[in-house]
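A.B. asks: Input sequences plus hints: build the corresponding full structure.
Under my numbering, think of the first position of the sequence shown as 7, with each following residue one higher.
No lab work stands behind these hints: they were computed from the structure.
Using C-beta positions, here's what the derived DEER-type ranges look like:
1) R134 x L43: 25 to 31 angstroms
2) E41 x S441: 46 to 52 angstroms
3) S224 x P285: 35 to 41 angstroms
4) G249 x R389: 25 to 31 angstroms
5) L165 x E41: 44 to 50 angstroms
6) A390 x R481: 20 to 26 angstroms
7) S240 x R98: 30 to 36 angstroms
8) P77 x E41: 51 to 57 angstroms
9) P285 x G235: 18 to 24 angstroms
10) R83 x N234: 44 to 50 angstroms
11) C160 x A390: 55 to 61 angstroms
12) P285 x P245: 29 to 35 angstroms
Beta carbons: idealized from backbone N, C-alpha and C, even for Gly.
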Amino acid sequence: METFQTRMQEAIAVGAAILAEVTAVGMLPGSADTELLAGAALMEEFGRLADAGRIAFAGEVADRSRAILGPQTLPDRVGCATAVELLERVARISPQTARARLKLGAQTRPEVSLTGEVLPAPFDVVRRGLAAGRLGVDSATVITTALTKAMVGCPTDTLSRFLPAEHELVCAAIGAAPSADASALPPVTPTETNDQASVWVLALNPDGAEPSVTEFESRSFRLHRARNGLIPVSGSLLPEVAGQLQAVFDATTNVRSSLKFLTDEERAAVEADDGPRDPRTRGQRQHDVLAAVFGMAGRSEELPTLNGASATMVTHVLATDLDEHTGAVTGPGRIDGVDLPISARAVEQLCCANGIQPVSISTDGAILRLGSTERCFTRTQRRALAARDGGCIICGIPPQYTEAHHVIPWAIVHTTHVSNGVLLCWYHHRTITTSGWKIRMINGHPETMPPPALGPQAWRPARGSLTCQTDTIRRRLRQ
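C.D. replies: If you want it as structure tokens, here you go:
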């Protein structure tokens with residue numbers, strides 16, 4: 007071991023000299039693109055060799071830290087509580103990194119039988135790939151994690167079925183031919199390795215994709231107490247539920263995909279007339295999609311009823327805070343089941359989209375009068391708006407995720423008609439009075455003007471539904 011340590015110190019000295027050359031001022035900025043990329047690849051190869059050594063040492067630490075050894079484990083002998091703490095202190099790494107190295111090291115450490123015979127490691131192909139400096143830690147972790155999970159519940163005599171999968175995955179990750187009659191392909195990334203591993207796992211153990219009892223029972227979704235004006239959420243979704251949610255996010259945050267069936271000429275005409283870009287982050291857009299989805303669910307006839315009525319979010323606001331003539335709200339509102347008040351602007355949005363049902367309550371709490379719901383767009387009117395607008399007239403989100411908006415406030419016209427209504431997504435409905443967007447109706451068709459920072463101050467007709475767009479484009483092409 008002393009000879010090994012000496013050689014390692016010599017290698018470290020050589021590596022330090024190379025690193026000093028790489029990090030010298032002006033060395034990298036002055037290199038050509040080809041030199042930069044070739045050097046990065048060589049440095050990564052050097053790093054993979056170092057990682058293989060780290061994993062090998064971590065595997066030995068893990069073996070000497072097994073609980074079966076009693077009070078004489080390696081951590082006990084050096085004053086550490088666990089192998090993670092030991093590696094954390096010796097290697098000066100985070101607990102997460104230490105834990106990952108110990109796990110991969112144990113999975114790739116050759117075993118020794120009771121007779122002293124050296125046996126292959128649980129993932130010996132991965133071990134050989136690491137030792138050769140060709141397989142990176144990220145890909146090795148992906149392969150071992152996926153196959154280990156797939157092996158759960160499989161009889162011991164069937165585990166040999168996973169050896170070809172390990173071999174194929176390692177070969178793909180390092181760019182080696184899996185067999186003599188196969189051709190080598192370029193190495194794949196850890197992300198692509200993960201995709202391939204998922205396919206192998208599903209083929210080898212299709213029942214393994216079913217969540218375990220513990221995983222199934224751990225599914226959850228919780229609303230927490232308000233903090234900094236927002237309601238934190240947390241939870242764990244089953245894969246199929248997360249897939250449904252992701253599909254909704256993808257469909258509604260990428261509205262341009264809805265144009266995919268147009269011809270090249272039609273697509274070019276639409277894209278040439280593109281509007282301002284959405285300033286929201288992806289997280290903000292996904293929040294607003296959830297708001298739209300739950301609003302749509304609340305309007306659905308298939309949703310279970312509450313006390314004989316469809317599920318409805320009840321918002322309370324004082325009559326003195328609601329201007330009957332302008333529809334303006336001057337005070338906050340309250341939503342049943344939420345311990346945080348909502349802003350006057352949020353109340354205005356809810357009133358515009360869902361209507362008002364006035365209730366008069368005496369000072370001692372008795373209900374004096376219950377009025378009928380006012381200023382709601384009917385289902386038939388919403389369908390007509392969808393046929394005309396095709397979604398939010400500003401960003402194009404599909405109609406099922408939108409809310410109906412009175413262009414001229416209901417409190418002024420006292421009617422709810424499609425000639426005064428447009429479809430807006432949750433976000434643009436919420437911010438229509440503050441974002442700078444303007445809407446007007448010309449002969450029953452909406453026109454919009456963007457905020458000064460987003461485009462010329464000129465009115466432009468809303469795109470309309472795809473049917474209307476296609477008809478308009480075809481008429482242009484015939485001219």
